[in-house]
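Take the sequence shown: its letter number 40 is residue 34 in the numbering used here, and every next letter is one higher.
Take the hints with a grain of salt, since some may be wrong.
Claimed, not checked - SDA-like, lysine to any residue: derived pairs with alpha carbons at most 20 angstroms apart: (1) 510 with 151; (2) 153 with 229; (3) 156 with 227; (4) 153 with 265; (5) 193 with 203; (6) 193 with 204; (7) 510 with 179; (8) 153 with 207; (9) 272 with 184; (10) 153 with 179; (11) 85 with 166; (12) 153 with 223; (13) 85 with 379; (14) 153 with 166; (15) 410 with 388; (16) 85 with 156; (17) 153 with 188; (18) 156 with 342; (19) 510 with 402; (20) 510 with 203; (21) 153 with 510; (22) 193 with 206.
Hints listed in this document are in silico derivations from the structure and should not be mistaken for laboratory results.
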Amino acid sequence: MGGARVAAVIGAVLMVSSQAWAELTQVEIGGELRIRGRYYMNTFAPRGERIPAAALGWRPIGSQLATSIFKWDSDGPDWSRYEHALLLNVKADFSDNVSAFVEFYDFSIWGEDTRSNYLTGADARGDSTDDVMLNQGYVEIRQLFDAPLRLRIGRQAIKFGKGFLVSDMLTPSQFSSHDAVRLTWTPADDVSVDFFASKMADRYQTEQDGDTDFYGVYGTYNGWEPLSMSAYWYFLRDASHVETTNLTQIGEWFEDLRGMDDYGATRLHTLGTHLFGKSGGFDYSLELAYQFGDAEHLGATFLPVGGLYGDQDADYGNWGAELNVGYTFKDVKWAPRPYVMGVYFQGHDERDISFGEWLNPFYRPDASTSFNRLFSDLNYMPTINDNGWLSNVAQIQLGVELQATEKVRLHAHVAKDWAVAAFDPPVSWKIGDTYVPVAPMLSFWTEDGSDDLGWEVAAWIRYQYSADLWFLFYGNYLLAGDGLTRGAFSQFNGTEITAGTDDTNAGYVFWMAVLKF
-5 MGGARVAAVI GAVLMVSSQA WAELTQVEIG GELRIRGRYY MNTFAPRGER IPAAALGWRP
55 IGSQLATSIF KWDSDGPDWS RYEHALLLNV KADFSDNVSA FVEFYDFSIW GEDTRSNYLT
115 GADARGDSTD DVMLNQGYVE IRQLFDAPLR LRIGRQAIKF GKGFLVSDML TPSQFSSHDA
175 VRLTWTPADD VSVDFFASKM ADRYQTEQDG DTDFYGVYGT YNGWEPLSMS AYWYFLRDAS
235 HVETTNLTQI GEWFEDLRGM DDYGATRLHT LGTHLFGKSG GFDYSLELAY QFGDAEHLGA
295 TFLPVGGLYG DQDADYGNWG AELNVGYTFK DVKWAPRPYV MGVYFQGHDE RDISFGEWLN
355 PFYRPDASTS FNRLFSDLNY MPTINDNGWL SNVAQIQLGV ELQATEKVRL HAHVAKDWAV
415 AAFDPPVSWK IGDTYVPVAP MLSFWTEDGS DDLGWEVAAW IRYQYSADLW FLFYGNYLLA
475 GDGLTRGAFS QFNGTEITAG TDDTNAGYVF WMAVLKF
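Work out the full structure: start from the sequences and follow the hints.
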């Protein structure tokens, strides 16, 4: 954010404080600092082609074709970096249950803003003109109309439940917020209902009705510890204009006549519930959601390789779920909590074509849709950098957590991962570490793909140094399966392939320090 915009926001807060109808009663200043060091082994490489496009002719693969950011290979450099995030906020309380909250945010990778060209002393690498952003800036009114209502207007962090689909984080060191209006109704201490509307993209300068908006209702009852429950509906609408061709006037007229290259709005509905509770040492959490609606923006990306038109009738119809069940032995040393967790994000792979479709010049493709993780940051496979976009995947996890001391908590687990819908690659010979298609022109000729994404062994230790400062050390080793290394479309909500250049196992370690003030 530029200096002028920062000054404008601060000025707006000061103007609010000067209004006669609201007297400033209290000001609080706070913030948070997160520092993280990360190292990936045998995992990432610059994006490259894993299956030649020439061997995928007429197959609806997706916008990135069979290119990948993964390598699963010990050759080449590994990936590491240090990063930090800083939040600095001011909360101003006024009379009449009014408050204002402003929070600035900066995320940086170490070295990107320093003068690293020490030889000459002249380095233009650091560009800090847009480093500081407005993470939150809203007005809050409580007891609206003398009712149990709270209204927030402006940019704000929104998180429901544990962030299964809507979270206030992008990664463990990056934050997220929404430009939104949010109304919270609390008719009782154990009941709350949230209504919100968020503007994701405003295209008023180019389209009359081309915005992307996100709406929702989220209600929770937590009056009985053995069974608390939430139910919700989310609706994401993207009305931006999409075309996959740019023809002459005659060509466009012909398309209109045939109803071709005519993609409507995306309308993604999500209905879900969250059941959770505790009884004695037993605890559980079940997240279950179903998505449906028009997926025409996604459909537009599934052009047959070498074709002109995607799927104009694409729609969503996928389930997502997470079940976590554990038991804490409170009377045993270190209070062990063994648990089992299952994760399922449904996906479809319609990237195969038949011999008849291969011959048909008027073939209409079907899009491959997967459960859309929306704005989650939950990370089920950290080595592949899930961060809320892994889909078309299933996982079973067995683990244990231990409270070693008052300040030290330990965790370890083993997990098995699968692709829900495998991708069938071209029939190929394996020459060394490379798969070479036998008949690249015969793209309908495929072999059964593997759904085996591999096994994971992971552990972490968290040290609560003080009430405001904690440290986390994490490690994950991934025994890569054939479905992962040869390729399944599980990345980025099931739209990109995971294939690499080899089949080597991989790993990920990081440390993190978090200070709140």
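Hints versus structure:
no., hint, in the structure
1, 510 with 151, "holds (17 angstroms)"
2, 153 with 229, "holds (16 angstroms)"
3, 156 with 227, "holds (16 angstroms)"
4, 153 with 265, "holds (16 angstroms)"
5, 193 with 203, "holds (13 angstroms)"
6, 193 with 204, "holds (12 angstroms)"
7, 510 with 179, "violated (29 angstroms)"
8, 153 with 207, "holds (17 angstroms)"
9, 272 with 184, "holds (16 angstroms)"
10, 153 with 179, "holds (16 angstroms)"
11, 85 with 166, "violated (24 angstroms)"
12, 153 with 223, "holds (16 angstroms)"
13, 85 with 379, "violated (34 angstroms)"
14, 153 with 166, "holds (14 angstroms)"
15, 410 with 388, "holds (8 angstroms)"
16, 85 with 156, "violated (25 angstroms)"
17, 153 with 188, "holds (11 angstroms)"
18, 156 with 342, "violated (27 angstroms)"
19, 510 with 402, "holds (18 angstroms)"
20, 510 with 203, "violated (42 angstroms)"
21, 153 with 510, "holds (19 angstroms)"
22, 193 with 206, "holds (6 angstroms)"
When the structure is compared with the earlier hints, violations turn up for hints 7, 11, 13, 16, 18, 20 and for no others.
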